[in-house]
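These are the residues of each chain, in order.
Number of protein chains: 4
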Amino acid sequence: MSEVLLSQLAHVEIISPKPEESVRWFVDVLGLELTTQEGQSAYLRGWGEWLHSSLVVTEGPHPALGHIGWRTYGPGDVDTIAARIDPDLAEGWADASVGHGRAFRFRAPMGHLNEVFWETELYEAPPELATDMRLRPQRYTGRGVAARYIDHVTINAPELKDEIAWYRGNLGMRHTGSITPEPGVPMFSTLTSTAIRSTHDLALVPDAPFARGRLNHVAYRVDQRLDVERAADVLLANETPLEFGPGIHGMDEIQYLYVREPGGVRIELNAGGWINTMPDWQPPEHLPSEGPTSYFRNLLMPDSMMESFPPLDVAREHFTKIGQFAE
Amino acid sequence: MSEVLLSQLAHVEIISPKPEESVRWFVDVLGLELTTQEGQSAYLRGWGEWLHSSLVVTEGPHPALGHIGWRTYGPGDVDTIAARIDPDLAEGWADASVGHGRAFRFRAPMGHLNEVFWETELYEAPPELATDMRLRPQRYTGRGVAARYIDHVTINAPELKDEIAWYRGNLGMRHTGSITPEPGVPMFSTLTSTAIRSTHDLALVPDAPFARGRLNHVAYRVDQRLDVERAADVLLANETPLEFGPGIHGMDEIQYLYVREPGGVRIELNAGGWINTMPDWQPPEHLPSEGPTSYFRNLLMPDSMMESFPPLDVAREHFTKIGQFAE
Amino acid sequence: MSEVLLSQLAHVEIISPKPEESVRWFVDVLGLELTTQEGQSAYLRGWGEWLHSSLVVTEGPHPALGHIGWRTYGPGDVDTIAARIDPDLAEGWADASVGHGRAFRFRAPMGHLNEVFWETELYEAPPELATDMRLRPQRYTGRGVAARYIDHVTINAPELKDEIAWYRGNLGMRHTGSITPEPGVPMFSTLTSTAIRSTHDLALVPDAPFARGRLNHVAYRVDQRLDVERAADVLLANETPLEFGPGIHGMDEIQYLYVREPGGVRIELNAGGWINTMPDWQPPEHLPSEGPTSYFRNLLMPDSMMESFPPLDVAREHFTKIGQFAE
Amino acid sequence: MSEVLLSQLAHVEIISPKPEESVRWFVDVLGLELTTQEGQSAYLRGWGEWLHSSLVVTEGPHPALGHIGWRTYGPGDVDTIAARIDPDLAEGWADASVGHGRAFRFRAPMGHLNEVFWETELYEAPPELATDMRLRPQRYTGRGVAARYIDHVTINAPELKDEIAWYRGNLGMRHTGSITPEPGVPMFSTLTSTAIRSTHDLALVPDAPFARGRLNHVAYRVDQRLDVERAADVLLANETPLEFGPGIHGMDEIQYLYVREPGGVRIELNAGGWINTMPDWQPPEHLPSEGPTSYFRNLLMPDSMMESFPPLDVAREHFTKIGQFAE
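Protein chains in written order, with this note's numbering: chain A, 1083 to 1409; chain B, 1083 to 1409; chain C, 1083 to 1409; chain D, 1083 to 1409.
These are calculated hints, taken from the structure and not from any lab test. Treat the hints with care, since some could be wrong.
[What the hints assert, rightly or not] Computed spacing ranges between beta-carbons, pair by pair:
| id | chain 1 | residue 1 | chain 2 | residue 2 | range |
| --- | --- | --- | --- | --- | --- |
| 1 | C | 1158 | A | 1385 | 34 to 40 Å |
| 2 | C | 1158 | A | 1321 | 41 to 47 Å |
| 3 | A | 1385 | C | 1384 | 52 to 58 Å |
| 4 | B | 1243 | C | 1369 | 45 to 51 Å |
| 5 | C | 1175 | D | 1177 | 46 to 52 Å |
Just so you know, even glycine gets a beta-carbon here, dropped at the ideal spot from N, CA and C.
Can you build the whole structure from these sequences, using the hints too?
Here it is in C-alpha cells:
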C-alpha cells in the first residue's frame, strides 16, 4: 500500500535548442500561457492551471529533460522524502526557484533529475485574462489546442522493474500498470503520484543500457476526447505533423495524439482514461498486443515513437562527460 | 491540510418502496449490473466498477437514504476513524456485510448513517460478461445509459458549516467549494473523500431545521459530456422524465442530468468537471448566481429539485419515532 | 412535391450601427474570415465555405436584415424564378454584386428582400491561409468559435401560412415543420431551400401585424454538438453573454446557442439535427411544448428571444416611410 | 450540372449464408429494427428511418450484393429513368415489392442490380416502440450501436471512369470526388444521389477485370463522431473484431469504422463529413496519400479492406454461369 507523499506532477523542464520557436509554438499552437521569462528559461502553464508554471523551456544544445518537479501532499512531506533519498542520489536543497519555494533535488537511479517542494506561487492573471469564474485561474482563451493541464511525463529507463520500486518507495507513488512481454518483466509502466482518480502522471519506457535520464514525451490534457481530434486539426493547420494518433490506448483508454515541438521534444495531447480508485490495485501485466497501439487493436505505432531525448549519441557523450553515470 | 483516510465513495444504500421496479430501472435504463440480491436488498454496480457493489436498493416504506459506505485508504484507517468518532454518534462494528468486510458504523451529526471499511470483495464477472480487457472488470454492455461509476452522493443538512468541519475532521475529507449567499454561510458545499483529481464525492445542501439524514440525490458518472446528452435520449425513450438538465454547473463545470428512479430517489448522470490538485485549495465561496443553474447562466432550476428523501412530513415523523434526533 | 430551384442559402446581409465592432467580433470571436471590404459593407465567410462570402455586414442606423441571397440549383433557375415573381414584388436585376454575378431581386410578401443568382465567385485563400486539403478552401484556423458554414436565417412574418406557401411556390422550397398552437395555424415554421439531408435554411417566426421585413437571427454551423458547448466557453471568455442555450430543440434535435453580435443582431451557433430525406414529407405540426424549448422539455426560453430587428418602433416608422407596406 | 432524379439511397439488399446470425447481429449489435420477414428475406431499418426498410438480408450461398434501391425525387422520375436505361441493361418492372411500390429494375454496366421507385411504405411503430416525438418514427432504443440511417453503399467496378459517367447520366447523380493515382484515372470515387448537403451515398472502388457486381461495404450513420468510438466499444464487447478504424478519412472528413457482419459482408459505421453545397462542384482528384487512410495521415489500411463480396473465385464462377457478363 502506498502512503501519500505527493499531490501532483507540478512541472517539467525541457531543454530546447530553439527556445524562441518552442515558446511561440507552446503559446500559439498548444495554447499555453507564458507566465514569465527569466534567464535562459521560459515558464508556461495551461489555461486551467493554478500553479505558477507547469512547463519550463530552457535553452540548451539538444532536446532533453531538464528536471521533473513534484508538489508534495503537505509541507512536512518534503523533509520526509529528503530523509529517504540515498545520499548518492541527492543533489541538495534549492531555497527558492522561479514559481516555487524550498525544494529538495535528487536524481533517480536511472538518471532523471527530480525535485519535490510544497510552497508554491499561484498564477495571477493580468487584467486582460482575469475572470470572475472562481474555478478558473484565468479566462478561457480558446487559443490553438487550448491545452488545459499538464498530464504526465514519460521517461526512458534501461531498467524498469527496480526503477518502479524506487519511485514507489521514495516518493510514495502507486504502480498502476505495465506492459510485459514476459510476466514480471515490464517494458512500459505507469505510475501515479497520488491521485486515486488518475490514470498516471509518470510513465517509464525502455532505453539503451548506457543511456540515462532521457525523456520520451510530456503530455498535456484537454477536456473531452473530441478535443484531441480538434487538436489534430489545429496542429495540422499550423503545419505541425502528427507523429501518432489520434487513437485510444489499450492500457488506459486514454485518447492520445503525439507531435513534436520545434525544439524536438515529443508532446502528447490527451483526454479520457479510466478511473482507478483502489490503493491495493494490482497493476495488470498487459500483453504487448494490448499496449499503446491497441484498444482498437489496429493502429500501428510508427518506429519514430522510439526516439527519445537527447538522441542516443548525445546521451552517451553527455552522461560520460558529466561523469555521474557510467555504462 | 487534510490527511488522507479514505480512498473512495464505495457505495450508497437507498430505500425504495418499489424495489423491483427500481432494480429493473437501474439495470435496464441506467445500465447497472446486478451483482446479487440478499434479503431485502439488491446490490448493483456500474459496468466499470471493480468493487462488489456501489448501489444497494433496500425495500422500505419511503424513498430515503439507507447509508453511505466509504472505503479507507489503507487497512489501519478504519481503526483510526473509529477512534475519532464521538461515541454518541457511533453505531458500532459490523463484522461482515454483503460485498465487504469489517466496517465501523456511525451517524454524522446531521443524522446520516455512514460506514467505513477496508476489506472488500471484488466483482467477479460471470462467463457471459467476462472480458480480456484488463482494466475492465467486465465487458462493456452498452445497455441503457451504461453508467460507469458511482460519482457522488448529495445529502441534506439543516446546518452546513459545522457539518463540513465534522466530515473534514473525522474522515479527512477536503472541502472543495461552497455557494454562499453571504460570506461564510454555505448553502451548498462539496467535499472530496481523498482524490486530488476529483470534483467531489460528497455534497451538502440545506434542509428544514428539524430534518435529519435526508438524501437529495445519488450521482453516477459516464465518460464524456455527450454521454450525458445520450443518456437524456435513453431516459426519455424509456419514459423517465428529465427533472433538470442536461446542463453544465457553474461551480465545477460538471455536465449534469437529474431524473427520478421508480422508487422516487433522484439520480444524477454526470461527466466532465474541473480537476483540483491542491491540498491547500481555498474553497471558493460562489455567489448563488454561479451555482447549480449557472455556468451558462440561463438554465432555471425547477423547484422540484428542492425535494429530498424521505419527504419532510415523513422525516419529521420518522426521526421523532426513532428517538435519535429531536427538533 | 417541390421542384428544385435553389442549391443553398448563399449569404445574409445584416445592418449594423457598429460595423467595425461587429466585424471584429465576427472575425475574432466567431472565427469568420473577412474576404473583402467595399463601400459600406464587409464580406465574411466561415472557414469551410467555398463561396466568396456568406455574411455581409453593412453600416446602418439600426440592426436589421439587409437581404437574403440564395444560389440557384442551375443557371436557368434564375430566369425561371424571375418569371414567377409577382411584378409588384420584383425589385429588378443586379448585373453584378460583390462576390456573385447577375441576380434577380424581389421582396417576399412580408417584406423581406431576397435575391437569387447562379454565377458566383469562389473564395481564394491568400498564401498564409492556403491548404493542400482539397475539400477545404483554406486551412483551419481554429480561431474563436471557428464557425464553419452559414446554416439558416430566421425571419419574422406577421402572417406565416401564406408566406410559407409563397416561398414554396416561388422558390421551390420544402416545408419541413411547424409549431402550431392550433392545427393549421403555424407560429413557427422551417423550410429548406433544396437539400434533402438538411434540417432547414429558412425559418419563420411571428411578428406584430404592422411589421415587415424583420430579422430574428442568423445561424452558423459547427461540426459537432460539443463544439456548441465549446463555443459557449469562447463567447463567455470574450464577454459575449449567452442569451439562450446551449440546449437541444425539440423540433429538429439541433443543438443551439443564441448570442448577440455587437451591432445587436442575434446570432445562433448550431450543430446536429435530424436528416429529412423525403420530398413528400408531411411537415408535422408540433405542439408549442415540443418547440424551441423542448426536447429535454425543461429549458425556459427567455422573453428576450422575442426581440427582432429592427426594433418594433423603428419597424413601424421605417416601413411607413418607405411607403411600401402599410399597416 | 446534374438534374435531380433521386431523393435518397433507400435500401441495399445483401446476401448472407448465415441469415439468422446476420439478422440477430444487425438487430442486437448494430441496433437496427426488424420490420418484417418474408420468404427468404428479412427487412430492417435504422431507428431514425421513416421508410419501411433500408437493409434487406436474403439467404444465399455467399456474401454478396442483392440489389440497390433508390427512391426518386418525384413520382414521374421513375418513368424518366426507365426511358433512359439501355434496354440491354433493363431488367423490367416490379409492380410491388415488400416495402415499396412499382419499381424499375436494371443492371449498371459493371453488373450491379439497381432499382428505382417512388411509392413507398412508411414504417409503423408497434405500440411498444411508439413515440410522441414527431420527427422520430419510433422511440430511441439505444440498443447496441443504435445506427440511425443508412448512409452509403460502396461497390466494386473494374472500370470506374465510364461507370461514374453512367450513374451521372442515367440517375442524375453528382460526382463529388475521386482518388486518382494519375490525373483522370480514378481508383476510388464518390457520388451523391441528390442531396446537396451530403457527402456521398454511392462509392466505387476497383475490381479484377472479370468481376462484376461485387460489393465492398454498406455504411450506416450515427449522429456524432464520438458515437463511432462508442460503436467500437459496443462491437468489441460483442466480439465483433474491428477491421479498420475508428479514424477519419482524408477525402471527406468522415469518421469511419469497418467491421464484418456474421455472413461476411463489411459494414461501416460513420459520422461527420463535410458539406457540399455546389451543384457545379469540381470533384477533386485526391492523391492516394490523401485517401482512405489519411486526414491524420498515419493510419494504415489493412489489406483485408480489399476483400469484396462475393469472393473473387465465386464471382468468376457466378457470373459466368448466369451468362450475363463475360470476361
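Results for each hint:
Checked against the hint of 34 to 40 Å, the C-beta distance between residue 1158 of chain C and residue 1385 of chain A comes to roughly 58 Å, which is inconsistent with it. About 44 Å separates the C-beta atoms of residue 1158 of chain C and residue 1321 of chain A, a value consistent with the hinted range of 41 to 47 Å. At roughly 57 Å, the beta-carbon separation of residue 1385 of chain A and residue 1384 of chain C lies within the given 52 to 58 Å, and the hint holds. Between residue 1243 of chain B and residue 1369 of chain C the C-beta distance comes to about 47 Å, which sits within the given range of 45 to 51 Å.
Restraint check, residue 1175 of chain C to residue 1177 of chain D: a C-beta distance of roughly 50 Å satisfies the suggested window 46 to 52 Å.
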